[in-house]
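**Q** Knowing the structure of chain S, use the given hints to seat chain P on it.
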Amino acid sequence: MGNTDYEGVIGLEVHAHLLTESKLFCKCSTRFGAEPNSHTCPTCMGLPGALPVLNRKAVDFAIKLGLALNCRINRRSIFARKNYYYPDLPKGYQISQYEEPICEDGFIDIEAGGQEKRIRVKRIHMEEDAGKLVHEHTIETSTYSLVDYNRSSIPLLEIVSEPDITTPEEAVAYLKTLRDILLYLEICDGNMEEGSFRCDANVSVRKKGSKELGTRTELKNLNSFKHIEKSLNYEIRRQIELIEAGGRVIQETRLFNVDEGITYSMRGKEEAHDYRYFPEPDLLPLIISNEWIEEIRSVLPELPGEKTKRFIEVYGLPKYDTEILVSDKDLSYYFEETVKTFPEPKTVSNWIMTELLRELKERNIKPFEAPLSPQYLGELLTLVKDGTISIKIAKDIFPELMDKGVSPKTFVKEKGLIQISDEAEIASAIDRVISLYPKEVEEYRFGKEKLLGFFVGQVMKETKGKANPKMLNELLLKRLKT
Amino acid sequence: MDRLLQMNIEELGDLLRKREVSSLELTHFYLDRIKKYDNTLHTYIKVTEEEALKMAKSADERLSKGEEGKLLGIPIGLKDILCTVGIETTCASKILKGFIPPYDATVVNLLKKEGFVLLGKLNMDEFAMGSSTENSAFMVTKNPWDIERIPGGSSGGSASATAAALCVASLGTDTGGSIRQPAGFCGTVGMKPTYGRVSRYGLIAFASSLDQIGPITRTVYDCAAMMNVISGYDPFDSTSIPVKAPDYTEVLGRDIKGMRIGIPKEYFIEGIEPDVRESVMKGVTLLERQGASVIEISLPHSEYAVATYYIVCTAEASSNLARYDGVKYGLRIDGKDIIDMYKKTRSMGFGKEVKRRIILGTYVLSSGYYDAYYRKAGQVRTLIRGDFEKAFNICDVIVTPVSPTTAFKVGEKIDDPLTMYLSDIFTIPVNLAGLPAMSVPCGFDRNGLPIGLQIIGKALDEETMIKTAYVLESELKLKKIPEEFL
Chain S
782 MGNTDYEGVI
792 GLEVHAHLLT
802 ESKLFCKCST
812 RFGAEPNSHT
822 CPTCMGLPGA
832 LPVLNRKAVD
842 FAIKLGLALN
852 CRINRRSIFA
862 RKNYYYPDLP
872 KGYQISQYEE
882 PICEDGFIDI
892 EAGGQEKRIR
902 VKRIHMEEDA
912 GKLVHEHTIE
922 TSTYSLVDYN
932 RSSIPLLEIV
942 SEPDITTPEE
952 AVAYLKTLRD
962 ILLYLEICDG
972 NMEEGSFRCD
982 ANVSVRKKGS
992 KELGTRTELK
1002 NLNSFKHIEK
1012 SLNYEIRRQI
1022 ELIEAGGRVI
1032 QETRLFNVDE
1042 GITYSMRGKE
1052 EAHDYRYFPE
1062 PDLLPLIISN
1072 EWIEEIRSVL
1082 PELPGEKTKR
1092 FIEVYGLPKY
1102 DTEILVSDKD
1112 LSYYFEETVK
1122 TFPEPKTVSN
1132 WIMTELLREL
1142 KERNIKPFEA
1152 PLSPQYLGEL
1162 LTLVKDGTIS
1172 IKIAKDIFPE
1182 LMDKGVSPKT
1192 FVKEKGLIQI
1202 SDEAEIASAI
1212 DRVISLYPKE
1222 VEEYRFGKEK
1232 LLGFFVGQVM
1242 KETKGKANPK
1252 MLNELLLKRL
1262 KT
Chain P
39 MDRLLQMNIE
49 ELGDLLRKRE
59 VSSLELTHFY
69 LDRIKKYDNT
79 LHTYIKVTEE
89 EALKMAKSAD
99 ERLSKGEEGK
109 LLGIPIGLKD
119 ILCTVGIETT
129 CASKILKGFI
139 PPYDATVVNL
149 LKKEGFVLLG
159 KLNMDEFAMG
169 SSTENSAFMV
179 TKNPWDIERI
189 PGGSSGGSAS
199 ATAAALCVAS
209 LGTDTGGSIR
219 QPAGFCGTVG
229 MKPTYGRVSR
239 YGLIAFASSL
249 DQIGPITRTV
259 YDCAAMMNVI
269 SGYDPFDSTS
279 IPVKAPDYTE
289 VLGRDIKGMR
299 IGIPKEYFIE
309 GIEPDVRESV
319 MKGVTLLERQ
329 GASVIEISLP
339 HSEYAVATYY
349 IVCTAEASSN
359 LARYDGVKYG
369 LRIDGKDIID
379 MYKKTRSMGF
389 GKEVKRRIIL
399 GTYVLSSGYY
409 DAYYRKAGQV
419 RTLIRGDFEK
429 AFNICDVIVT
439 PVSPTTAFKV
449 GEKIDDPLTM
459 YLSDIFTIPV
469 NLAGLPAMSV
479 PCGFDRNGLP
489 IGLQIIGKAL
499 DEETMIKTAY
509 VLESELKLKK
519 IPEEFL
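Chains S and P supply the protein sequences, listed in that same order.
Residues in the first sequence are numbered consecutively from 782, following the numbering used here.
Residues in the second sequence are numbered consecutively from 39, following the numbering used here.
Do not take every clue at face value.
Result set (DSS-like, lysine-lysine): computed pairs, CA atoms no more than 25 Å apart in a straight line [as the list claims (entries may be wrong)]: (1) S/K913 <-> P/K366; (2) S/K903 <-> S/K957; (3) S/K863 <-> P/K381; (4) P/K414 <-> S/K863; (5) P/K393 <-> S/K863; (6) S/K1259 <-> S/K1220; (7) S/K808 <-> P/K151.
Simulated DEER-style distance windows between Cβ atoms [what the hints assert, rightly or not]: (8) P/S102 <-> S/V1080: 56 to 64 Å; (9) P/I376 <-> S/L1065: 33 to 41 Å; (10) S/R812 <-> P/R57: 48 to 56 Å; (11) P/I138 <-> S/K838: 31 to 39 Å.
Read the hints as simulated data drawn from the structure, not as lab findings.
Don't be surprised by glycine CBs; every beta carbon is placed ideally from N, CA and C.
Here chain S stands alone, though its shape is the one from the complex (with noise of 0.2 Å):
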């Protein structure tokens, strides 16, 4: 932002697809990637006479998720048309939510630029998505157009927030903050390639210190963090250089452009959109009781900001390792897991994300799916601390524990790895290396102390790696002394 007198004014919408088994108003499957229209009946095509049934499961979601973002859950909401044109809308409106959504006036604590900030989230409300097109080459050169409604009637949660936003990076910490509890919660996968978790933005820039809003912009179609980030960025500069410029804003939506870097006007596209929103007369007013609200309170998860806190005071651990633990909710309960046989956290951690984690995304699986569970891992952990095998060791067979998901204990044994720490065989071993570089000894005991390294490396290799290493040290260092 090349101006400093203007701040930015945020609000974000979120679409989050929920984890349903089954669509929003049919028992249609939800899952991705099927072969088009084959996940379709009468009432997600739209087709005359099918009548909506609200599924229960999409609405324990919103309550979870409500109750996660501190909202009130309405004891009575309702659902409501929005009506427009579209082909991939198969009954010419969607199902919604308007004058009385399941959820309002919430918030989500964020972090960004090391400061902690309060953003109010203004409402959830419950919807539909529509289909989906399919063009034969662009929209515009296209002769026909296909659509696949398997998307159609998928459930969705729209979260708004209030435009309580003023940087780009808040928007991405409150984007990313938001996605954590959507995937701790598990009613959601983030997946924001595919279109789980899809963003619009309304921009707009005021004077720092003034209270009135200015004209807002709509970006659309936000899909990854980084294209959040520099479409704000861009949007809010030049937002600020029409203003300096004499210029106004005009209220339209615009797409960001990624190859660009850019946005642009949708002219034309967006003429003022009047949706003639009304009560669905298909479905009765949705009524929830206080026991439907507390059975799912009573089953809600710890959350990502409670788990940071707890991780730094109970275990001690630095907030960089904190992040990186709690950013996924499985790698967690596996480190929670480990430290119940190996207390020592920070080893843990230190462990977890360096080599499970490497192992992890080479395999490309989930903590849990890891054949080496936490019980081994604290146990290899031991192994190390008892001084039965060295780091180094312990580093070496990590791949193959991850393979094989065998016990440690027994792995070393019989691969025959346990560490040497018998004075007389590591002295033994030494006696055979020094009668080997009777130069070297020469040079090292006239002052080239920096072959000690040598030295050891050459008994390692002697002992299969084997050798207690602080052992070593000591008695090679006592024997190149005389």
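**A** What follows is chain P alone, placed relative to chain S:
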């Protein structure tokens, strides 16, 4: 064979079970009648002869095995607004020409379970919008009591076919009077059940918060028998009421001693044809003689009902009919782009009245007008409902004329929508309140045209209405089928 015409579903069922007549014979009998008379009446958009004979054969097999079925082997016609799997369902609209539903409406399923025989799909006003069946895109149905006249609407095909015995019974739908008014004009019994009593799944929506399926029959017994089949909770319709429906035939023949009949003072003033008023009041007197008492009641907000109705129903229709865009099924007129295709398809596909209502409905929902129209209409609707609630504190049923006039002439009102709309002035408030109501024949006017008496009941109390209608029917013993069609 002609004795079959005078039999109700119970008597026909007996005959079929005793194998004195087969379903195939009965079906052929009705198909022959259709061939003979429907060139005059134009009640069927489609006669499903092949399907009918197949169903009749299968019914005969079931009958020979001694299987039970409330409608086993009974030939019935359906308004062409109810989805029938594999059979074109058009809503009498060009825009749905060629649409073959891949599924059955819940009521069709229920009828099939009870072994009915489908004779065909009956004519109607396009998308059930109209009071004369003249708005059908395909043909004008005639009233069997005078073929110069309309049968009423929108279920005019169902009413006319039932009156002329081109089916044993039929189903219609009623959004503002579309069962009761044509039933009244054709001298048949029509029932609009309580909103939510019969599943709307597979009923092609006109105005979702008002639409309800119901039977049109020649006798009150048949009405009750049909209600026994189609009523009840359906998990596929979220507005369906989760209560078990009773056996409606049980109340037939019970007396009405002590029953309080409410007569709304607002409904018997100017605009009603004298013959209609006289005939309805005679019906009331007759009920009084059977032990009922008459109480004057007031439904003060009824005068706003027609205005309210035309806001609510057009608003919902404008949205419900948005899906007919040429993309997925039915008519498509290609254009230079998608918008052009939409415009051409909808311009060609919809008739005048449907377009009029889509435009009205779009208008009342648009931003800036919503509060003044749609929201206000919702508030008035609450007041109308309140009127009925209050009235039902002091009476058990309410009796009114079905319509201020008897059947009018073809073309008489088609260019004057407002006059046409007033034909439903007594039936519309009932839909707005979600209550059940029936049309029962109570006499003929000086031209020999049938007059209908409307019985309005408390929510879910179809039984009291049926009981009352049966008393009236038994006392009056009116002619059911016009001479020309006997």
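**Q** All hints, please: hold or fail.
**A** Hint check:
This hinted pair checks out: S/K913 and P/K366 have alpha carbons roughly 14 Å apart, not beyond 25 Å. Between S/K903 and S/K957 the CA atoms are separated by roughly 18 Å; this keeps the pair inside 25 Å, and the hint holds. Distance hint between S/K863 and P/K381 is fulfilled; the C-alpha atoms sit about 20 Å from each other, no more than 25 Å. For the given pair, P/K414 sits about 20 Å from S/K863 by alpha-carbon distance, which is consistent with the 25 Å threshold.
For the hint pairing P/K393 with S/K863, the CA-to-CA distance comes to about 20 Å; that is within 25 Å, so the pair holds. With a C-alpha separation of about 18 Å, the suggested pairing of S/K1259 with S/K1220 holds against the 25 Å cut-off. Taking the CA atoms of S/K808 and P/K151, the gap is about 23 Å. The hint holds against a cut of 25 Å. Range check, P/S102 to S/V1080: Cβ separation about 57 Å, and the 56 to 64 Å hint holds.
Judged by the Cβ atoms, the range 33 to 41 Å given for P/I376 and S/L1065 holds: they are separated by roughly 34 Å. For S/R812 and P/R57, the hinted distance range of 48 to 56 Å is satisfied, since their beta carbons lie about 53 Å from each other. In this structure, P/I138 and S/K838 meet the distance hint of 31 to 39 Å, their C-beta atoms being roughly 33 Å apart.
Hint compliance for this structure: every hint is met.
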